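**Student:** Now for the letters of each chain:
There are 2 protein chains.
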Amino acid sequence: MALTPSRTVEELTELRELTGDEEGAQRVAWTDTWVRAREWLSGKLEPLGVEEETDEAGNQWFTLAGASDRALLIGGHIDSVPNGGWLDGALNVVAGVEVLRRIAEEGEPPLTVRLVNWADEEGARFGRSLFGSSAAAGSMADQEELRARRDADGNPLPDALARQGVDLDNALDARRQLEGAAAYLELHIEQGPVLESLDLPLGVVLGTFGVERHQITFRGQAAHAGSTPMDKRRDALAAAAKLALEIREIAKRTGEGAVCTMGSCVTRPGIVTSVVETCTVLLDQRHLDASKLAGMLAEAQEAGERFASEEDVEVEWEKVWSIEPILFDPELIELADEAVREVSGTSHRLPSGPLHDAAEVARAGIPTVMLFVQSLRGLSHTKLEDTKPEHLEQSVEALDRLASKTLAKLAG
Amino acid sequence: MALTPSRTVEELTELRELTGDEEGAQRVAWTDTWVRAREWLSGKLEPLGVEEETDEAGNQWFTLAGASDRALLIGGHIDSVPNGGWLDGALNVVAGVEVLRRIAEEGEPPLTVRLVNWADEEGARFGRSLFGSSAAAGSMADQEELRARRDADGNPLPDALARQGVDLDNALDARRQLEGAAAYLELHIEQGPVLESLDLPLGVVLGTFGVERHQITFRGQAAHAGSTPMDKRRDALAAAAKLALEIREIAKRTGEGAVCTMGSCVTRPGIVTSVVETCTVLLDQRHLDASKLAGMLAEAQEAGERFASEEDVEVEWEKVWSIEPILFDPELIELADEAVREVSGTSHRLPSGPLHDAAEVARAGIPTVMLFVQSLRGLSHTKLEDTKPEHLEQSVEALDRLASKTLAKLAG
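Protein sequence lines correspond, in order, to chains A and B.
Residue numbering for the first sequence follows the numbering used here, starting at 12 and increasing by one per position.
Residue numbering for the second sequence follows the numbering used here, starting at 12 and increasing by one per position.
In isolation and in its complexed conformation, chain A is listed as follows (with noise of 0.2 Å):
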């Protein structure tokens, strides 16, 4: 029996009914629902004969032994935001129960094949996203602070872990899944316009951008919105509002998909009677290349200072977090690319805004790729996320040559 892309779709299906409601997807990790989609993702696999696993952290993994120890990792998340769609990393585990099926069907793989269900990548109910991944990786360097982290009913992190078998403490011993693995691939909806825009049903990933996010605070002096003239002012918001616009000017010089985003202003007093005296704003600024992102923040920075002194006000950087951008395997991009023009013709190669479980194994330095497929109006993290049926069966297929095309050039 070859592939059966529609047979995805079929199973996405299957698993939203049994895992959500009228207000969406409900596989919020360590919630009983997110238990019975992973026993859901084990029946599908159980067939195949694959061994399975759930490992220090969490992480679900099924393994096709292959005629090398080396190994295909193909990964994604079953987890879900609250409310959330139903094809933000769910896609992918099932569209690689898929590709299984073709691999196992055709006998013993060169590699050692394996899929992986990644434990809590949305950090929804913890607010620690790439939890599964990151363990896997050796990354995670905040256990302590995760040790008092509470959801919002009040349990301890550590509780709900350990209620599916997850010692905290041990998480980290997940690294050794990543011995022996030779490639790791992911599929994920854009959750951004692009593809869209461009009218294509596939692209390919570069890898996921830096990130520079700041907060900015401008303190002026409030004054009466009657009794001062203009030129007697010290306006935190109009040196604010400046920056606001100008960082759009320095995403588009800097190009390359450059983004700059101000996603908050907060004014005081905040009353119409006054001149604002200060000013707050978050700026979240973002790129592929690490040196065009210090430059954009570099840019900013001086802007931010240069309107400070034209509007007489004082203006404070406090950086709220950062990220180095990651940037996916080039040799597994070229193999990405033959894949998706091969199933829709065109290529188009993109970076990612929203990280992935896929930055976290590529920091573990290994050869990662990742496939978009596109959003329709870029919706996600809400009930109204959606793609057309063919393009998820165009992705799976994706995903199914990519694999051959990997396993090929690794066995080679």
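Rather than coming from a laboratory, the hints here were simulated on the basis of the structure.
Please note that the accuracy of each hint is not assured.
A pair holds if it fits inside one copy or across any two, identical chains being indistinguishable in the list.
To be verified - Straight-line C-alpha distance at most 25 Å; calculated DSS-like pairs for lysine-lysine:
id, residue 1, residue 2
1, K394, K420
2, K330, K399
3, K55, K399
4, K330, K303
5, K394, K243
6, K263, K303
7, K330, K55
8, K263, K330
9, K420, K399
Keep in mind it's a predicted model, so treat the numbers as computed, not measured.
Start from chain A and add chain B according to the hints.
**Tutor:** Okay, now just chain B, sitting in the frame of chain A:
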């Protein structure tokens, strides 16, 4: 005994000690401290043999009978905001005491002279400013609405007024107080930085600004900060930022003291990982000329539409409040100019951004003018509010000269 301006400074200091604490003035209308201040004022005027009366709106009147029933009114308000300054309002009533002393000493004046201490100018307790003066002016149109008002402790406004002998239902009967009024004079601290920046102690007020106050909502599309290319965004904050900067250009182009203020900016969802979907701002525009004010509003509305269109977002305007400009009397402005020049050498004419009781009196058709005395750092409504003693003394002298000139003109 001639006019003794230094006594006004001494008496203001005395009032501060009697009715303030380490946080500032506490003469909030309808409170016991306010009553104490009113009793203190009565005590100061008692030796002059003036007739005292409290009207139906709680305004305190002191009448020095003259040769004619026509009356020159001098007015201010002894009430303050909580933690307020020592001068806002009180300066005029205490300076008025000194002027009344001087006039009384000279024998029967040609016109009746009345000092009025308006009730609840600040509206600090119930959010309704200019209470007593609007009642006397006959412009109080919100009695029904006021009946339902409560202070922060839940006390109904009618009860608090009744405790001071004021029946809200009869407040408009205070209108009879303005019968026979021939002119109204008011001295006030500037509460702004203009006179200080010109290094002038005194100024003549041309009128109170007209105000247009609007809430403007820009509606774009929330989108992932990482996966949404810059040219695919519908960023509500960007449109608002353009408007925040453009209103300053509008004020500059309009000139003649025009002010435009964006005092509040609220972003939704307001998170670092999303383009702003909804941005709501408050716009306050003021001008002394009604047609220029209307022009500024029209320009802002046109700009808002243009920016919304440029950013592919929706925009909606909602009026919050507006008031027409109120112009003071040209002949009294001339007399005030003379008085100020005689006292300090140079006069300066300026509009008032804040409203004052004088605006209500002017609306009632009584020829009105105000004098401003310099405020240090433009600060008011705070214990930091201050004016140099020599400037306070000059202001008493200017008010006295203005009263003399006005009496002479009215009697002539």
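**Student:** If a hint holds in the structure, say so; if it doesn't, say that too.
**Tutor:** For each hint, the structure was consulted:
1. Taking CA atoms no more than 25 Å apart as the test, K394 paired with K420 passes in neither setting, with 39 Å inside one copy and 78 Å between copies.
2. In this homomeric assembly, K330 and K399 never come within 25 Å of each other (Cα to Cα): the closest approach is 40 Å inside a single copy and 45 Å across copies.
3. In this assembly of identical chains, the alpha carbons of K55 and K399 lie at most 25 Å apart only when taken from the same copy (23 Å versus 86 Å across copies).
4. Taking identical chains as interchangeable, the C-alpha atoms of K330 and K303 lie at most 25 Å apart only when both belong to the same chain, with a minimum of 18 Å there against 45 Å between chains.
5. For a Cα distance limit of 25 Å, the shortest separation of K394 from K243 across copies, 22 Å, qualifies, whereas the shortest one inside one copy, 51 Å, does not.
6. Taking CA atoms no more than 25 Å apart as the test, K263 paired with K303 passes inside one copy only; the shortest distance there is 12 Å, against 38 Å between copies.
7. For a Cα distance limit of 25 Å, the shortest separation of K330 from K55 qualifies neither inside one copy, at 45 Å, nor across copies, at 61 Å.
8. For the homomeric pair K263 and K330, the shortest alpha-carbon distance inside one copy (23 Å) is at most 25 Å, but the shortest distance between copies (36 Å) is not.
9. Taking identical chains as interchangeable, the C-alpha atoms of K420 and K399 are never at most 25 Å apart, the minima being 31 Å within one chain and 87 Å between chains.
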